[in-house]
Amino acid sequence: MNNAQPHITAENLTMAYGDFLIQKDLKFTVSRGDIFIIMGGSGCGKSTLLKIMIGLKSPATGDVFYDQEPFWASSEAQRELTKQKFGTLFQSGALWSSMTLAENIGLALQQYTDLGPAEIREVAAYKLMLVGLAGFEDYYPNEISGGMKKRAGLARAMALDPDILFFDEPSAGLDPISAKLLDDLILELRESLGTTVVIVTHELASIFAIGNNSVFLDPVTKTQLATGNPNELRDSHPNFEVRNFLQRGEAA
Amino acid sequence: MTKAALQLNDSGQNRLLLSLSGDWLLGSELPSPGPVLDRLQQSPKPASLSFTAQDLGEWDTGLVKVLIAIHRSATANGIEVDAEGMPTGAKRLVALAFAVPEREGARRVFTKKGFLERFGEKVLAGVEGARELLTFTGELVLSCGRFLRGKATYQRSDVTQYLQEAGAEAFPIVSLICFLIGMIFAFVGVMQLKLFGAGIYTANLVAVAMVREMSAIMTGIIMAGRTGAAYAAQIGTMKVNEEVDALTTLGMNPTDFLVTPRVFALIVMMPLLAVYGSLMGIFGGALVGISMLDVTIAQYWAQTLQSVHLNSVFGGLFKSIVYGILVAIAGCQQGMACGNSALAVGQSTTKAVVMGIVLIVVSAAILTVIYINLGI
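Chains as they are written, first to last, in my numbering: chain V, 1107 to 1358; chain E, 20 to 395.
Don't read these hints as lab results, they were simulated from the structure.
Just to be clear, a hint being listed does not mean it is correct.
[Stated by the list, open to error] The calculated BS3-like cross-link candidates involving lysine-lysine, where the alpha carbons are at most 30 angstroms apart (straight line), are:
(1) K1189(V) to K110(E)
(2) K22(E) to K1191(V)
(3) K1133(V) to K1157(V)
(4) K1286(V) to K110(E)
(5) K1130(V) to K1328(V)
(6) K22(E) to K1189(V)
(7) K1191(V) to K1130(V)
(8) K1163(V) to K1130(V)
(9) K110(E) to K1191(V)
[Claimed, not checked] Label-pair ranges, simulated between beta-carbon atoms:
(10) T268(E) to L1213(V): 31 to 41 angstroms
(11) G46(E) to T1135(V): 24 to 34 angstroms
(12) A1179(V) to E188(E): 39 to 49 angstroms
(13) D1173(V) to T179(E): 52 to 62 angstroms
(14) L1213(V) to R126(E): 18 to 28 angstroms
(15) Q180(E) to L1162(V): 24 to 34 angstroms
(16) W1202(V) to Q180(E): 26 to 36 angstroms
(17) Q1217(V) to V377(E): 31 to 41 angstroms
(18) Q1217(V) to S51(E): 19 to 29 angstroms
(19) T1135(V) to E140(E): 53 to 63 angstroms
Every residue, glycine too, gets a C-beta built ideally from N, C-alpha and C.
Work out the full structure: start from the sequences and follow the hints.
If you want it as structure tokens, here you go:
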């Protein structure tokens, strides 16, 4: 695996809802195997950027490139193929409530692979083991706790062995220990699977613990103020806003 | 792509060596771990199991899931597993998968229930449902008392909105359905009554049927499908989002806040809609009657007027109020009893509509018998 190879690139990305500009001129590169953090204050458009990256919302101008291939400029069919290599964990899990955990994980496998029902169940059981939910195959989402839902959502995101995992606020609503365990899990999965990880978060603890690349969005100037390793940005970025955010408002 | 292979070597001294080769990708043809699992259970039991993966190509979940099955069986048989030889990523994943032991008692065991057991459970559920409905009705009555005395907490703007939704916005569909029902009645009436020269009595048939029964029933059923379903879905979703709990923690009674204003809106709007529905039905019937029979508008109108007594009008109005209450109760009760998922909201909505319609039809039958005995 070549670590220097760019996996995701954003070029002059501008996002807007109608005439309302959210962010403009975003430009960043994510290498293969990076844990890339999208950060910034509330309402700066972090989640919107994620939506554009996973194909839920189209950008106003600019494009996202996966392995140098344009994402939004390509055909719908091509985009569907690219999307199969994504796994997404939504903020509250977004598990389908009418299906058991095993069925939640199995749906994508059923749709996109030729595996039989027994094999799908086996894979689902394995994915649940990975996230520490062994034995919970036949539970419905409303029968498990919030933290378990997140982990089950992660198991579902990993169903198709994705190249890129997207996380929307993974530690929101989790206690510090569960949040730490989830961070460790993300790191461990990145190490063993070589997956590129993109995370929207403003949890500073997570940002420094797992992030090795990032983009900082600013709601005032409506553009990115910084991109790079968050630990370095905290200590030595010339922009005060960036340092202040990363030092919890205590920057000198 | 080379074919995946799994080879077991007994290297003596009770040590087993498992060599993995080829590309282990999910969806391609993978060797079954069956023979390896069998060997692990045979005696003499090997003391340890190790791996070599020199000729291993690409791999994904397909490999890890087999390794996990082997690892589990080996551990269960007391065989020491030396994971060193596994590819690094797979070794970590296997370790991760076994990092959190399965929680005791978590796994579900499905037992097949006998017919009697299932039947009994259904009966008990039915009894429980009836009890819940009664409790709900009781709470509603108490809440209505507070509402009338002005002691209930609710938002006035909500009531206006419910009135708008249950009343004005239902006009088009009530117009259409009642108009067509009136026309259908008139068609049947004309065809049959003409046979013995009583065609003009079509006016009686349409007017009495619409005013006494049909308008209220049709409006009730429309409301069950429109408003009752909406109530169940709104309150059910609020329950899923814990909005109902939020009201309770603020010391507000959810029945006062959510249910009574909705019931009130339907009690006010149902009679109005029923009266309007009757007029639309009579109008539809008149169109058919006048065009198919040899009568003037004045004759038809006079016939209609003398056929409808005030008793029938009040009887119809009373029925429409009863149906309105029943539809609102069915909708709100199902919403409040809703479970905690999107699926449950759908089930509650379905139940609300079915229950609303059943209650309407049953109460229509009962009320009709009572009316006949009272001579209304």
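Going down the list of hints, with the structure as the test:
Our distance criterion of 30 angstroms between C-alpha atoms is met by K1189(V) and K110(E), whose separation comes to about 28 angstroms. With a CA separation close to 24 angstroms, the supplied pair K22(E) and K1191(V) stays within the 30 angstroms bound. Proximity of K1133(V) to K1157(V) is assessed by CA-CA distance (about 16 angstroms); at most 30 angstroms being required, the pair is judged to hold. Distance restraint check for K1286(V) and K110(E): the Cα-Cα separation of roughly 22 angstroms lies within the 30 angstroms cut-off, and the hinted pair is therefore satisfied.
For the hint linking K1130(V) to K1328(V), the alpha-carbon distance of about 6 angstroms falls within 30 angstroms, and the restraint holds. Distance hint between K22(E) and K1189(V) is fulfilled; the C-alpha atoms sit about 28 angstroms from each other, no more than 30 angstroms. Taking the CA atoms of K1191(V) and K1130(V), the gap is about 27 angstroms. The hint holds against a cut of 30 angstroms. For a cut-off of 30 angstroms, the pair hint linking K1163(V) to K1130(V) stands: about 15 angstroms separates their Cα positions.
This hinted pair checks out: K110(E) and K1191(V) have alpha carbons roughly 23 angstroms apart, not beyond 30 angstroms. A hinted range of 31 to 41 angstroms for the beta carbons of T268(E) and L1213(V) is consistent with their spacing of about 36 angstroms. In this structure the supplied range 24 to 34 angstroms holds for G46(E) paired with T1135(V), their Cβ-Cβ distance being about 32 angstroms. Evaluation of the 39 to 49 angstroms hint for A1179(V) and E188(E) yields a pass: the beta carbon distance comes to about 44 angstroms.
At about 57 angstroms, the CB distance of D1173(V) to T179(E) agrees with the hint of 52 to 62 angstroms. Hint check: L1213(V) to R126(E), Cβ distance near 21 angstroms, so the stated range 18 to 28 angstroms holds. Our hint of 24 to 34 angstroms for Q180(E) and L1162(V) holds, since their Cβ atoms are close to 32 angstroms apart. The hint said 26 to 36 angstroms for the Cβ distance between W1202(V) and Q180(E), and at roughly 32 angstroms that hint holds.
Remark: the range hint 31 to 41 angstroms for Q1217(V) to V377(E) is upheld by a beta-carbon distance near 39 angstroms. At roughly 25 angstroms, the beta carbons of Q1217(V) and S51(E) sit within the given window of 19 to 29 angstroms. A hinted range of 53 to 63 angstroms holds for the C-beta pair T1135(V) and E140(E), which are about 60 angstroms apart.
Violation of the numbered hints given earlier is absent; every hint is satisfied by the structure.
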